[in-house]
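*Asks:* With numbering that gives the first Met the number 0 applied, the sequence shown corresponds to residues 0 to 449, in that order.
No lab work stands behind these hints, which were simulated from the structure alone.
Nothing here was measured: the structure is a model prediction, and the numbers come from that model.
Certain hints may be false.
[As the list claims (entries may be wrong)] Heads up, simulated EDC-like pairs for lysine to aspartate or glutamate below, C-alpha to C-alpha not over 16 Å straight-line:
no. : residue 1 : residue 2
1   : K27       : D132
2   : K27       : D134
3   : K340      : E114
4   : K340      : D308
[Stated by the list, open to error] Taking CB as the label site, the calculated pair distances span:
no. : residue 1 : residue 2 : range
5   : K161      : A68       : 39 to 49 Å
6   : T133      : L212      : 35 to 45 Å
7   : H74       : D134      : 13 to 23 Å
8   : G57       : V79       : 19 to 29 Å
9   : R441      : F211      : 28 to 38 Å
10  : L247      : G57       : 50 to 60 Å
11  : R442      : H74       : 18 to 28 Å
12  : E135      : H337      : 52 to 62 Å
13  : L53       : V102      : 20 to 30 Å
14  : L269      : R442      : 49 to 59 Å
By construction, the Cβ of each residue, glycine as well, lies at the ideal position given by its N, Cα and C atoms.
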Amino acid sequence: MITSTMWWLIPVIAAGLALIVAMFKYPKLWLGTFFFVLPIFLSDTGKGLTASELAVGGFLMVSVVVWMAWMVGTHNVIIVRWWGDFLLLLFLALSFGNCVIAVLNGVPFVNWLAEWSIYLLVLYYFPIRHYFDTDERSIRQLLIIGALSTVLMAAYSIYLYKVRMAANGALYAYQLWSSRSVLLGPMFVMTMLIGIPAIYLLPSRRGKALAFLLVLINAGALALTFTRSLWIFFFVSLLVVAAYLRPLQNLRLGLSIVGIIAITYFAATLYNPRLTAIAVRIVKERIASSTQLSGGDYSFETRTIEATDASKAIARYPLGGNGIRAALVSWGPIEQIHWRKSFIHIGYISLPFKLGIPLALLMLWTLGLFAWRADRNGIWECNHRALPPFTRSLLIGLMANNTTLAIVIFFTGFFDQRWGMVMLAFILAATSITNSQVMQARRHSTQQLS
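With the hints as constraints, model all of the structure from the sequences given.
*Replies:* Below, the structure written as structure tokens:
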């Protein structure tokens, strides 16, 4: 029975039913809705898991499972197209058995299910590939929808930063620092790595201008994360993009970056010199602390201790792991106390700790196959004349982002995060879609030669 305090369930249920109808009748509308609710569903509001996030998350996860069952059962759609698809589905199927290990280790089944269900978000790879892997127009639609979604993510992230800064007073470096949110930083990096080549490859001035605006907005959101690792590896990955640009384009890119940083600094100084000085000091301290791996950089020290303790737990249960949501007791050098926590920062350690070494290797092998396909197409096929500009931009961005992704998994609990699984779904779908475009371009060239 719905009480007066649960009135919000009525519109949520109605919207859910409408989206279920749209899922079958207007599938691209369903996927568009998925992209446009991501900014709220993925963002860190600082309020924990809200009822609306729970309702939206439940619908997103259930709907994609229903879609797959419907397409396989009634439309005879071939979901598994190659080994990468098979291994991904195998990982999801085998990981469900982890519930037995988790329960035996004292984890309530409901808590286990809440975290395991996050893996289901990666299944959006299949409908995205199915509906946008048709022609150049569909790829353009996907990139536009994805770009709008990341713009909303960036805008919402900037808004939340402003709200936190106002609440904290933003008088000292601590307030400026504590107002940040690092959650969606990898999303902003990926968007920029796809958007930058689009600035130079898209034929129309309007397309170039929109791509530039997209990169600029995401750069602003990335800057406010104050995450040095993402800054550094963005510029490292940018070297991959630069390899596909002409010398004059690289010169323009470098001058543009320097110019934007200079203009932003002077504008911020004019607007609020004190806050600007504090922000610059924080940036300098963050970069300087990177060389202090013991006694200075507590975040690095925390991860090192955490990884050591988790590795010992992996050695005790190497095959099945300790179970999703299993607690790890680890020393916190900042608080100077022992913590019981289920979140482990290093993804390469977190996965075998929870699922065991075999399943962790299965997931990493799957990612490696997709990365190999993206890199192979990017290296050998990116300059194919028959490939449209959107596809070429996506190929370059994917290949550049693979470098960042490998590091992101190291520095974040990538596999435990909603944003991580959504980002992975997009990467896998984009890899498959660009591969199809490459195959079409090859066939087109063969037909012309014959």
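*Asks:* Evaluate each hint against the coordinates.
*Replies:* How the hints compare with the structure:
Distance restraint check for K27 and D132: the Cα-Cα separation of roughly 12 Å lies within the 16 Å cut-off, and the hinted pair is therefore satisfied. Between K27 and D134 the alpha-carbon distance is near 14 Å, which keeps this suggested pair within the 16 Å criterion. With a CA separation close to 14 Å, the supplied pair K340 and E114 stays within the 16 Å bound. Using a Cα cut-off of 16 Å, the hinted pair K340 and D308 holds, with the two alpha carbons roughly 12 Å apart.
Taking the beta carbon of each, K161 and A68 are about 43 Å apart, inside 39 to 49 Å as hinted. Our hint of 35 to 45 Å for T133 and L212 is violated, since their Cβ atoms are close to 27 Å apart. In this structure the hint that H74 and D134 lie 13 to 23 Å apart at CB holds, the actual value being about 20 Å. Range check, G57 to V79: about 26 Å between beta-carbon atoms, so the 19 to 29 Å window is met.
At about 32 Å, the CB distance of R441 to F211 agrees with the hint of 28 to 38 Å. Judged by the Cβ atoms, the range 50 to 60 Å given for L247 and G57 holds: they are separated by roughly 51 Å. Take R442 and H74: their Cβ atoms lie about 25 Å apart, and the range 18 to 28 Å holds. Remark: the range hint 52 to 62 Å for E135 to H337 is upheld by a beta-carbon distance near 56 Å.
Against the hinted window of 20 to 30 Å, the Cβ-Cβ separation of L53 and V102 comes to about 22 Å, which satisfies the hint. With their beta carbons about 57 Å apart, L269 and R442 fall inside the hinted range of 49 to 59 Å.
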